[in-house]
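Colleague: Sequence order for the protein chains is A and B. Numbering follows the numbering used here, with no gaps: position 26 of the first sequence is 26. Numbering follows the numbering used here, with no gaps: position 67 of the second sequence is 67.
Treat the hints with care, as some may be off.
What the hints assert, rightly or not - Residues of chain A placed beyond 12 Å of chain B at every Cβ, according to the derived structure:
#: 1; residue: 30
#: 2; residue: 78
#: 3; residue: 183
#: 4; residue: 186
#: 5; residue: 193
#: 6; residue: 283
#: 7; residue: 285
#: 8; residue: 305
As the list claims (entries may be wrong) - A few chain A residues facing chain B, derived, Cβ under 8 Å:
#: 9; residue: 42
#: 10; residue: 92
#: 11; residue: 93
Simulated from the structure, these hints should not be mistaken for laboratory data. Quick caveat, the model's predicted, so the values are computed rather than measured. Quick reminder that beta carbons are idealized off the backbone N, C-alpha and C, glycines included.
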Amino acid sequence: MTVPTLGKDLLGLEPLTKEQIQLVLDTAEPFKEVSERTIKKVPALRGKTIVNLFFEASTRTRISFEFAEKRLSADTVNVVAAGSAVQKGETLVDTARNLEAMRIDMVVMRHPSSGAAKFLAERIPSNVINGGDGTHEHPTQALLDMLTIRDKFGRLDGLKVCICGDITHSRVARSNIWGLRKLGAEVAVCGPQSLMPGGIEGLGVTVFRRIEEAIEWADVLNILRLQLERMKAGYIPSLREYYRVFGVTLERLEQAPHDLLILHPGPMNRGVEIDSRVADGPHSVILDQVTNGVAVRMAVLYLLAGGRPELAEAAKGSGREVEE
Amino acid sequence: MTPSERKILHDDSGVGAALERMSREIVQFAGGTDRLVLVGIQRRGSDLAERLCRMIAEAEGATVPLGVMDITLYRDDLQTIGPRPVVGETRLPVDLDDRWVMIVDDVLFTGRTIRAALDQLADFGRPARIGLSVLVDRGGRELPIQADIVGLKVDAQSSDRVDVLVAELDGRDAVELVHGGNT
Chain A
1 MTVPTLGKDL LGLEPLTKEQ IQLVLDTAEP FKEVSERTIK KVPALRGKTI VNLFFEASTR
61 TRISFEFAEK RLSADTVNVV AAGSAVQKGE TLVDTARNLE AMRIDMVVMR HPSSGAAKFL
121 AERIPSNVIN GGDGTHEHPT QALLDMLTIR DKFGRLDGLK VCICGDITHS RVARSNIWGL
181 RKLGAEVAVC GPQSLMPGGI EGLGVTVFRR IEEAIEWADV LNILRLQLER MKAGYIPSLR
241 EYYRVFGVTL ERLEQAPHDL LILHPGPMNR GVEIDSRVAD GPHSVILDQV TNGVAVRMAV
301 LYLLAGGRPE LAEAAKGSGR EVEE
Chain B
1 MTPSERKILH DDSGVGAALE RMSREIVQFA GGTDRLVLVG IQRRGSDLAE RLCRMIAEAE
61 GATVPLGVMD ITLYRDDLQT IGPRPVVGET RLPVDLDDRW VMIVDDVLFT GRTIRAALDQ
121 LADFGRPARI GLSVLVDRGG RELPIQADIV GLKVDAQSSD RVDVLVAELD GRDAVELVHG
181 GNT
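Based on the sequences and whatever the hints tell you, model everything.
Modeller: See below:
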């Protein structure tokens, strides 16, 4: 049986094949059960040291990674930019090299600059997992979104998924577009012209200018958070105006020909991009996304850790019982 | 691998008879079916456990709880092997505290799988007793682990591979020896 591998790092979904993405989603399945156990811990990553290096605020992603790491028995250290040497002007590579000197195995990094994860991965031997880099990619978020959709429909192939909101500044949108398209879903985006990057059609997505059209077309809406600082920068006239034109409301969903699955990567602005009655409604899987996030991140950590092919031959000779 | 290197040691009737005998011995071992739980090791051990469970149900008129366990995440060679093995399902239907747990696997070789299974079971509860049933004991232990109930004994060199085939996955039941297959 030939199993695809992930390689050294997870930098984004753009460089991955369909088979690699499927491997992560399939591997996440058994990890869901680990979190349901009384003792939520397996020894798979015992002895591994993982650094969570966060140069940008994050609650959900950082906690989710930390749960995933701890449930695999890895040792973890959290480094946040504020209060660290980063604030004193240390460069990214110097920070990483200093961590490496303490003999770490993996780095999960969030950084405000697009390409930061790749930059780091090319310079250190540890596995690097991109926890979000600028407006580029946020691969584990897209993977957990895809797993949540697949749980509900049993497939991704042929599904119509519309990503709504601020597409220009969204790494979640980019990773979702890459991943969903590779697995055969049709992808559309919907949002104000001012938050829609030029040439987005080049990624193979349909663009809707009106939320009503998107709702009529889609099986799934992935509603992005409107970053409130965008309003100050003049991208939208007001939050009320945004809700009036682009808000996903119960009234709008009731016009749809069939029920829509509702995703949101959080944190939500209730009454801005999403109506509370939708967020808490029967078709919302927003909390399932959070649960799946831990399983997906466990799968990624498990797949990247160890797995050094040059040692595989030696291990085979030692009389392993599991041949698969 | 040419077919001539593959030798059939037991066919479906041999496997069937061995399982019948094992099912009786398991009930004897546990002093009845009251507290007994069967736990099959993925993948072929779980198929064998399911069959033993049916045989016990027919003979004793009692349904014994059946669990399955994938021990991949408890293996001691995860740091060295690659690519990462696919992880299967783990599902234990009852609380294991004070139960008689019978682990069921297809082949007992080095004992490392069973070592991992014991570690994993300890994370799920504290059984009154844990036993081990295997369809085939092929020798070659690397750890101090022995089975309580053995269906068939096979004399194999460490360089040989012993395959258990089950109808559920392979279309037929058999025990086969592949000379030089364990390299």
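Colleague: If a hint holds in the structure, say so; if it does not, say that too.
Modeller: Do the hints match the structure? See the list:
1. The claim that residue 30 of chain A is not at the interface with chain B is violated, since a C-beta of that chain comes within 12 Å of its own (minimum 4 Å).
2. Taking the minimum C-beta to C-beta distance to chain B, about 24 Å, the non-interface status of residue 78 of chain A holds against the 12 Å cut.
3. With a closest Cβ-Cβ approach of about 18 Å to chain B, residue 183 of chain A is found to remain outside the 12 Å limit, as its non-interface label requires.
4. Every beta carbon of chain B lies more than 12 Å from that of residue 186 of chain A, the smallest distance being close to 29 Å; the non-interface claim holds.
5. The Cβ of residue 193 of chain A lies farther than 12 Å from every Cβ of chain B, with a closest approach of about 45 Å, so its non-interface assignment holds.
6. Against the 12 Å criterion, residue 283 of chain A stays outside the reach of chain B, whose nearest CB is about 28 Å from its own CB.
7. Every CB of chain B is more than 12 Å from the CB of residue 285 of chain A (nearest about 22 Å), matching its label as outside the interface.
8. With a least CB separation of 8 Å from chain B, residue 305 of chain A falls inside the 12 Å interface cut-off, contrary to its annotation.
9. A cut of 8 Å between beta carbons decides the hint on residue 42 of chain A: the least distance to chain B is about 4 Å, and the hint holds.
10. Interface restraint check for residue 92 of chain A: the shortest CB-CB distance to chain B comes to about 28 Å, outside 8 Å, so the restraint is violated.
11. At a threshold of 8 Å, the smallest CB-CB gap from residue 93 of chain A to chain B is about 27 Å, leaving the interface hint violated.
The structure fails hints 1, 8, 10 and 11 (numbered hints given earlier, in ascending order).
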